[in-house]
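One letter stands for each residue in the lines below.
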Amino acid sequence: MRSNLLKPGPIQGRSNPVVPSISESAKQAADEASEESGWIERACAGDTAAFRRLVERYGDRAYGLALRMLGSPEEAEEAAQDALVRAWRALPRFRGDSRFATWLYRIVVRRALDRSAALKARRARETTLEETELEAPPSPDLPGSEGVSRRLDQLLGSLPEMQRAAVVLYYYEDRSVEEVARTLGLPLGTVKTHLHRARALLRAGWELEERRSGIE
Amino acid sequence: MNCADLKRWLNEGMPRGSERDVGEHAERCPGCAASLHAQLEIDALLRGEGRGRVEAPPRFVDRVMAEVLAADRSAPRIELWPALPALPWWAQAAADPATVLACVLVALLAWRIDWLGDLARLAGNLGSRYVTQPLGQTWSTMGLDRPAVTLGFELIAIPALAWGSLVLYRWTERILRRSTRA
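Chains as they are written, first to last, in my numbering: chain R, 9 to 224; chain A, 137 to 318.
Where hints are given, some of them may not hold.
As the list claims (entries may be wrong) - What follows is a list of derived Cβ distance ranges for each label pair:
#, chain 1, residue 1, chain 2, residue 2, range
1, R, Pro168, A, Ala229, 44 to 54 Å
2, R, Arg205, A, Trp251, 26 to 36 Å
3, R, Asp122, A, Ala206, 19 to 29 Å
4, A, Asp250, R, Asp122, 41 to 51 Å
5, R, Gly155, A, Pro193, 51 to 61 Å
6, A, Arg164, R, Ser45, 35 to 45 Å
7, R, Pro168, A, Pro270, 56 to 66 Å
Keep in mind that the hints were calculated from the coordinates and are not lab data.
Nothing here was measured: the structure is a model prediction, and the numbers come from that model.
We put the beta carbon where it would ideally sit given N, CA and C, even for glycine.
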C-alpha cells in the first residue's frame, strides 16, 4: 500500500478541471501495464522495436531524474543514455520482482550517483580554494525554473546525494516511500530519515534566502 | 505543541490531525510561523505547481537506440556473484563477498593464531636464506642473525600482512562490484 505519511498535505486546493472517472483511469492504467509487459517480454527476447517503445515511454523520465540529480543537461543525457543501454543489456535478467519503472530508475540513479562522484572528484581537482563555494552542482535549467522554483532547484542541488535522490524520486517522480527504498536499495526507515532531513535542510535554506532577500 | 514538535511535524510531511495545535503555536511564535510559511511554499513547488515536465533533448530516443543496436547483448559478461535483490543494508553488507572473505580470514586467524607466528618465522627464515646467507660475513658482522632482529622481522611481518589483506579486500570488492553492477 502506498504510504502517504510524507506527502505534503492538501495545503491549498488545486484546480483540476478534467478528472476522468476512477473506472476509466483504472482501465487505462491496466491497459498500459498490459501493453508494457508485452513490450518487456518482447524486448527480453531481443526485439529492439519493443525496447524502443519502452525508451519512448521512460526516456523523458530517466533524463529528468538524471538532470535533477546531476544538474547538468550534458551529464544527465550521458547518464540517462548509459542507463538505458545498460537496461537493454540487463533486461533478460529482469525477473519482474519490482515494477519495470522501479528497476529502470534504480539503474538511472546508480549511473547518476557514479557520474556525480566522478564529477565531484574532477571538480575537486579543478577547484581552487577560492572557488570552494561553487562546488555544489549547478542548478538545472528546468521548465518553470524561475524565481522561487529556481531557488528550490538550487537548494535541491545543495542536498547530499542520497537525500536529493530520495526527494527527486518521491516528489518529482511520485514514487511511494517503499518504491524509493527499493530503487535506492535502502531500508524504509533510512529513506524516511533522508526525506525528513531533506525537508529540514530545504526549509532552513529557504528561510535563509527569505531573510537575505528581506535585508536586501 | 512546542517549537521542536512543530519542526518535527513539518519534517514528517505535515501529517493530518495536528493542524489546530500548529496554528495556535504559530500564532504565538513568529519563528515557527516563518518556518510554516516556508514549508508551505516549498511543498507547493514540490507538488509541481508551476513546474513543467522535463523533456529529453531532441533525438534522444534515436541516440539511445543507436547505442542499443551497437551494444552486443550476447557478449558474455563475467558473473562472479548473482545480483542481489533489495535487502536491508546489513543483509547486503553481510552478503557482500568482501565481507565474507574478511570474515573467513579473521576466523582462520582466530582459530589458528599460531599460524601468524609461523608465517612470520617463515618470512624470517626465507629472509635469512635468501638475503642473509649471500651477505655472509657482513650479515653476521652487523648482528642481524640475533634473536632480537628476527623478532623485529616478525613484528614487521604482522602489519605487512594486515596491509596485504586490506589491499586484497579492496581489490576483490572492486572486481565483484563491477561484475554485479547492471
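TODO: Please flag the earlier hints that this structure goes against, numbers listed from lowest up.
DONE: 1, 2, 5 and 6
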